[in-house]
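Chains as they are written, first to last, in my numbering: chain A, 2 to 90; chain B, 7 to 119; chain C, 57 to 141.
Hints should not be assumed to be uniformly reliable.
[Said to hold, decoys possible] So the derived list for chain A, only partly shown, Cβ under 8 Å to chain C, looks like this:
| id | residue |
| --- | --- |
| 1 | 14 |
| 2 | 21 |
| 3 | 63 |
| 4 | 78 |
Just so you know, these hints were derived from the structure itself, not from any lab.
Don't be surprised by glycine CBs; every beta carbon is placed ideally from N, CA and C.
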Amino acid sequence: MDKLPEIILQISTYFVSAGIILATLRMIKGPSMADRAVALDTFTVISISLIVLISCLAGRVIFLDVGMVYAILSFIGVVAVARYIEGGL
Amino acid sequence: MQWNTLLGSILTLTGSIFLFLGALGVYRMPDLYNRMQAGTKATTLGTMLTLMGIGVCHTEWIGQILILIIFIAITNPISSHALARAAHFKGIPLTEKSVIDKLKDEKSKPEVK
Amino acid sequence: MELQHGIIILMGLAMILSAILAMVVKDLISSVVAVGVVSLFASIIYLLLQAPDVAMTEAAIGAGLSTLIFLYALHKTKDAEEEND
Chain A
2 MDKLPEIILQ ISTYFVSAGI ILATLRMIKG PSMADRAVAL DTFTVISISL IVLISCLAGR
62 VIFLDVGMVY AILSFIGVVA VARYIEGGL
Chain B
7 MQWNTLLGSI LTLTGSIFLF LGALGVYRMP DLYNRMQAGT KATTLGTMLT LMGIGVCHTE
67 WIGQILILII FIAITNPISS HALARAAHFK GIPLTEKSVI DKLKDEKSKP EVK
Chain C
57 MELQHGIIIL MGLAMILSAI LAMVVKDLIS SVVAVGVVSL FASIIYLLLQ APDVAMTEAA
117 IGAGLSTLIF LYALHKTKDA EEEND
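One chain only, chain A, in its complex shape (with noise of 0.2 Å):
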């Protein structure tokens, strides 16, 4: 009973990896570019959360830091392939 909310947190990982199968399968699928884009917003989301578990698992808080700035350059990345594709940039 005392080992609970470890293995809680270990099943969780284990939903949170099969995400990360599932996306990846979408992306090696994706007909168009704007798919394999779709794909790569739920990666980074995915992979945040993933990291967050990592960190929380390890028991260091500085993993949270590594989430953060993939947090805001992977929010760049997306945006600047959403305007090429449109045309901009």
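Got chain A; can you put chains B and C on it based on the hints?
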């Protein structure tokens, strides 16, 4: 065992189930706009629940986690909207089951003074 | 097998698949997106190997900056091709 740890881990489990269902929707939905809807709404809620659960588990990290939650709540709809607008203007078709396309009607309507 | 090793193996497999996709696919935007995803998985693997500073650098340069530079270069070369035609 402390009760906040158990509550936080259950919140995290709920959020990760939402993340998995969002990724399943990205894989299974028929066209781009449905995929985008599944991949934005469900994953935004799932990420918020996951981060909030970890913030309840480790109460001393709550400041950084709140900053992260606010940032995701601002930027995720913006990027999804930019992608949907770009794809519609590029001319990527909707699925055959869809019945209405108001942006296309708005573009093809003549100018009224 | 521990949880960490499983995640590392899974991220490595997804990284190889994305790298093959970046070579095989026809249009260049998909290649740029696939390269960004490879860099994201490398960042998570560095994080699991207890190196947060390397992971931060990889996320900043690989996922953010190189995508922007590739897109800018593609935009410039597309303009030059249209002028030559």
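Tell me if residue 63 of chain A is really an interface residue toward chain C, meaning its C-beta lies closer than 8 Å to one of theirs. holds, 5 Å
Does residue 21 of chain A pass the interface check with chain C, least Cβ-Cβ distance below 8 Å? holds, 7 Å
Interface hint status, residue 78 of chain A versus chain C (Cβ within 8 Å): Constraint on residue 78 of chain A satisfied, holds at 4 Å.
Less than 8 Å between beta-carbons is the criterion; does residue 14 of chain A satisfy it with respect to chain C? With a minimum Cβ separation of about 6 Å from chain C (threshold 8 Å), the hint on residue 14 of chain A holds.
Violated hints: none; the structure is consistent with every hint.
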